[in-house]
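Novice: Fit chain B to the supplied structure of chain A, relying on the hints for placement.
Protein chains: 2
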Amino acid sequence: MVVFDPSLMTDMYEYTMLDATLKDGTANRPCVFEVFTRHLPEGRRYGVVAGIGRLLDALEDFHLDDSDLKFLADRHIVDKETVKWLENYRFSGSVRGYREGEVYFPNSPILQVEGTFGECTLLETLILSILNYDSAVAAAASRMVTAAKNRPCMDMGGRRTNEWAAVAAARASIVGGFKGTANLLAAKLYDLPAIGTAAHCFTLVHDSERDAFESQIAALGTNTTLLVDTYNIEEAVKTAVEVAGPELGGVRIDSGDLAALAQRVRNQLDALGATNTKITVTNDLDEYAIASLQTAPVDSYGVGTQLVTGSGAPTCAMVYKLTERANNDGTMQPVAKKSKDKATAPGAKLAFRSYEYSLADCEHVISGSPNALRAFQPGEGWENLLTDFVVDGEIDPQFRGHDGLMAAQDYHAKALAKLPITAQSLMRGEPVIPTQLDVLD
Amino acid sequence: MVVFDPSLMTDMYEYTMLDATLKDGTANRPCVFEVFTRHLPEGRRYGVVAGIGRLLDALEDFHLDDSDLKFLADRHIVDKETVKWLENYRFSGSVRGYREGEVYFPNSPILQVEGTFGECTLLETLILSILNYDSAVAAAASRMVTAAKNRPCMDMGGRRTNEWAAVAAARASIVGGFKGTANLLAAKLYDLPAIGTAAHCFTLVHDSERDAFESQIAALGTNTTLLVDTYNIEEAVKTAVEVAGPELGGVRIDSGDLAALAQRVRNQLDALGATNTKITVTNDLDEYAIASLQTAPVDSYGVGTQLVTGSGAPTCAMVYKLTERANNDGTMQPVAKKSKDKATAPGAKLAFRSYEYSLADCEHVISGSPNALRAFQPGEGWENLLTDFVVDGEIDPQFRGHDGLMAAQDYHAKALAKLPITAQSLMRGEPVIPTQLDVLD
Numbered sequence: 063m064v065v066f067d068p069s070l071m072t073d074m075y076e077y078t079m080l081d082a083t084l085k086d087g088t089a090n091r092p093c094v095f096e097v098f099t100r101h102l103p104e105g106r107r108y109g110v111v112a113g114i115g116r117l118l119d120a121l122e123d124f125h126l127d128d129s130d131l132k133f134l135a136d137r138h139i140v141d142k143e144t145v146k147w148l149e150n151y152r153f154s155g156s157v158r159g160y161r162e163g164e165v166y167f168p169n170s171p172i173l174q175v176e177g178t179f180g181e182c183t184l185l186e187t188l189i190l191s192i193l194n195y196d197s198a199v200a201a202a203a204s205r206m207v208t209a210a211k212n213r214p215c216m217d218m219g220g221r222r223t224n225e226w227a228a229v230a231a232a233r234a235s236i237v238g239g240f241k242g243t244a245n246l247l248a249a250k251l252y253d254l255p256a257i258g259t260a261a262h263c264f265t266l267v268h269d270s271e272r273d274a275f276e277s278q279i280a281a282l283g284t285n286t287t288l289l290v291d292t293y294n295i296e297e298a299v300k301t302a303v304e305v306a307g308p309e310l311g312g313v314r315i316d317s318g319d320l321a322a323l324a325q326r327v328r329n330q331l332d333a334l335g336a337t338n339t340k341i342t343v344t345n346d347l348d349e350y351a352i353a354s355l356q357t358a359p360v361d362s363y364g365v366g367t368q369l370v371t372g373s374g375a376p377t378c379a380m381v382y383k384l385t386e387r388a389n390n391d392g393t394m395q396p397v398a399k400k401s402k403d404k405a406t407a408p409g410a411k412l413a414f415r416s417y418e419y420s421l422a423d424c425e426h427v428i429s430g431s432p433n434a435l436r437a438f439q440p441g442e443g444w445e446n447l448l449t450d451f452v453v454d455g456e457i458d459p460q461f462r463g464h465d466g467l468m469a470a471q472d473y474h475a476k477a478l479a480k481l482p483i484t485a486q487s488l489m490r491g492e493p494v495i496p497t498q499l500d501v502l503d
Numbered sequence: 063m064v065v066f067d068p069s070l071m072t073d074m075y076e077y078t079m080l081d082a083t084l085k086d087g088t089a090n091r092p093c094v095f096e097v098f099t100r101h102l103p104e105g106r107r108y109g110v111v112a113g114i115g116r117l118l119d120a121l122e123d124f125h126l127d128d129s130d131l132k133f134l135a136d137r138h139i140v141d142k143e144t145v146k147w148l149e150n151y152r153f154s155g156s157v158r159g160y161r162e163g164e165v166y167f168p169n170s171p172i173l174q175v176e177g178t179f180g181e182c183t184l185l186e187t188l189i190l191s192i193l194n195y196d197s198a199v200a201a202a203a204s205r206m207v208t209a210a211k212n213r214p215c216m217d218m219g220g221r222r223t224n225e226w227a228a229v230a231a232a233r234a235s236i237v238g239g240f241k242g243t244a245n246l247l248a249a250k251l252y253d254l255p256a257i258g259t260a261a262h263c264f265t266l267v268h269d270s271e272r273d274a275f276e277s278q279i280a281a282l283g284t285n286t287t288l289l290v291d292t293y294n295i296e297e298a299v300k301t302a303v304e305v306a307g308p309e310l311g312g313v314r315i316d317s318g319d320l321a322a323l324a325q326r327v328r329n330q331l332d333a334l335g336a337t338n339t340k341i342t343v344t345n346d347l348d349e350y351a352i353a354s355l356q357t358a359p360v361d362s363y364g365v366g367t368q369l370v371t372g373s374g375a376p377t378c379a380m381v382y383k384l385t386e387r388a389n390n391d392g393t394m395q396p397v398a399k400k401s402k403d404k405a406t407a408p409g410a411k412l413a414f415r416s417y418e419y420s421l422a423d424c425e426h427v428i429s430g431s432p433n434a435l436r437a438f439q440p441g442e443g444w445e446n447l448l449t450d451f452v453v454d455g456e457i458d459p460q461f462r463g464h465d466g467l468m469a470a471q472d473y474h475a476k477a478l479a480k481l482p483i484t485a486q487s488l489m490r491g492e493p494v495i496p497t498q499l500d501v502l503d
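Chain order of the listed sequences is A and B. Quick note: my numbering has the first sequence finishing at residue 503, numbered continuously throughout. Quick note: my numbering has the second sequence finishing at residue 503, numbered continuously throughout.
Isolated chain A, as found in the complex (with noise of 0.2 Å):
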């Protein structure tokens, strides 16, 4: 059994920033931090935002623990004033950004963190575990959801990734539009259709197949999934109506050539009267294969390795940048680094998405003072992309559990269907829209 608050997922240096900056006075200094990514995965034509619902979740349990403080203070990794100020941390500031299940390009800021330095800096780590996992899996989702048109995913990949970033990406997939998943615990933490067939397992493990498909109906019903792969499939699918009979739910194929043999079972299932039994296909599917199996017989698609690894882009390279922070004397004063290219952009951000047609044409990245930002008029039709999350501490709870992931979904759906069509497309390129960074005077 583990008890945990997530205060210490967390790099060292954002507590010895902390307490230096204690120290200095500079830790409560207002501060606006951004996260944004400088380029999609390669020939990408989109992001997704996701993990946002997570990440107030994990805002909410921020905070430390007398274990954790003790860890702290036994490390000399801050001192005695740091541990009494971490004592009563609570995250106090607002976050606001892209809402989760929005697309995203280059320089989006996608999330903007207002607060003390103090108290922004110890974030850092936490939100771009989340937000760089979550989107990164949202996004091969997404994708493959476009290629299977209107054939449900559902994740079987938990097996394939971190036994707690299965959670994270079976939520995730959700959000790209997946319909279901075999993991249970994401099934519990966020009220999902939980799904699931056989493995080869049950069914060696029984005297015969017959045997292993009896004991399946006998237990679930007609409406369950049989495997039918495990020694030869055109026999499995005539004992599987056999022993179920033409009212079969389904059966899955987990090998060999998966187009070739979703016809052959069809045929086979529709020959034994069992017309309306369902065809899964499983066995390491991506976006390509997916597509490639459009003109076959097949119901659904079971996704594993590629969908919790971001099918090649298992991360975003989203960073968490200070952009704006104040002065001595109060006021907010835009900053950047100017690292060999990986400057950055300075100021807090306004984001807005331009439509031509009804259809997105440029995602506007606006900067400049808080005044001039304050009395910048979009222009007509933008669609304004920055939503707050969370305002002076308080969270809002709709972008939360299952309905918050749920909005997300169908948020995501919405936002894809507004971008040009290209973004469909599987064909490497650039990004679907350009980004415009404005720097006002």
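Possibly wrong hints are sitting among the right ones.
Copies of one chain are not kept apart here, so a pair can be met inside one copy or by any two copies together.
What the hints assert, rightly or not - Cross-link-like lysine to any residue pairs, in silico, SDA-like; alpha carbons within 25 Å at most:
1. Lys404 x Glu309
2. Lys241 x Glu309
3. Lys300 x Leu131
4. Lys250 x Asp123
5. Lys300 x Glu445
6. Lys250 x Glu122
7. Lys404 x Gly374
8. Lys142 x Ala321
9. Lys146 x Lys250
10. Lys480 x Arg272
11. Lys400 x Arg314
12. Lys241 x Asn294
13. Lys404 x Asp391
Just so you know, the hints here were simulated from the structure itself, not pulled from any lab data. Since this is a predicted model, take the numbers as computed values, not measurements.
Specialist: Okay, now just chain B, sitting in the frame of chain A:
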């Protein structure tokens, strides 16, 4: 605050298979399951087993609390009788396998799990999640450590993977030979050296770089590492030595041409008398980048994205397959599936590594009847690769915690040193030794 046990970190079908087999009696059949992989990631010469200590922790924690049981019942995933069985679930079987840190190859029987079908089948996803991710990270870490020769590598990758995966990655990096981690939860849980410098935001929140350096030195002493690439590296190095004196511990460079910059900074530091000040580099390093820095005056490497994503291979394709189960008369029966391209080798296995001139030359995997295996005599000098981790439900403590982890690091270094030197090449190629599967009559 979250309290959890790993019992729902499973795919639903594990519970529905349990339910069905409890009804038909096969849940009680003694079984042997095996973890193996059909192939290494493309071009890799060896794999590294990691996660054994975490797996043993999870095994101890694997039992269902009331809310888990209620979830399974409410969703009708299992029936009342199965709920009753699950109330008392504790794994009472045995687990043996390759030591943590051991190298492995295609078809190495990495883990063998013995027990009833019911108790073993529940563990599939959890075991695979842990081994697949941890081993992917450890393999990447091992290659990076080889490339770094005697220079220490440090984990700074937490922000580029799921927040829990980050903890597992930090731990797995130690198996591969890393010397420390930025991740505080990993440092706390496994008593590891925590490392860190400062972020660019620390420089930016101060009115000047000099202010930032003075603050860091005041809080952390002159032995700290200052980040010098926020604005202009040459000026920053000058300021750093002015502020800290020639005793400055180190500087970090996080952008640009690291080899050229390290050389310039080394010369500048030496000219300023800071001849013992170390240079740490970070910036999307992988094993190839590290190798290319061999001749640059770099003292240590901070590795992020490429570590936690397995440097192109974020998972290991390990599977968990039933290889043997009891018949009704109690005799053990080797079993195997015959799925196209995914057939398995029946029967429990023995595993040995043979050596020639003190270098490994072959992995021998032996299967056959229980009697034949008992009678098998390995060749002279063959090393037995299977170690008992759990015997009849009793978990051996030596493989867990800090000590187990450091033993794994040590074990890995020795196992790698006994492989032909080709293993240490970063060039793509075949597994460095073959796996020979012998079936005894």
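Novice: Each hint needs a verdict: does it hold in this structure or not?
Specialist: Hint check results:
no.	hint	in the structure
1	Lys404 x Glu309	neither (60 Å within a copy, 29 Å between copies)
2	Lys241 x Glu309	within (23 Å within a copy, 59 Å between copies)
3	Lys300 x Leu131	neither (63 Å within a copy, 36 Å between copies)
4	Lys250 x Asp123	both (19 Å within a copy, 18 Å between copies)
5	Lys300 x Glu445	neither (56 Å within a copy, 47 Å between copies)
6	Lys250 x Glu122	both (20 Å within a copy, 22 Å between copies)
7	Lys404 x Gly374	both (23 Å within a copy, 23 Å between copies)
8	Lys142 x Ala321	neither (65 Å within a copy, 40 Å between copies)
9	Lys146 x Lys250	between (37 Å within a copy, 20 Å between copies)
10	Lys480 x Arg272	neither (50 Å within a copy, 49 Å between copies)
11	Lys400 x Arg314	between (55 Å within a copy, 15 Å between copies)
12	Lys241 x Asn294	neither (30 Å within a copy, 51 Å between copies)
13	Lys404 x Asp391	neither (29 Å within a copy, 69 Å between copies)
Comparing the model with each numbered hint stated earlier shows that hints 1, 3, 5, 8, 10, 12, 13 do not hold.
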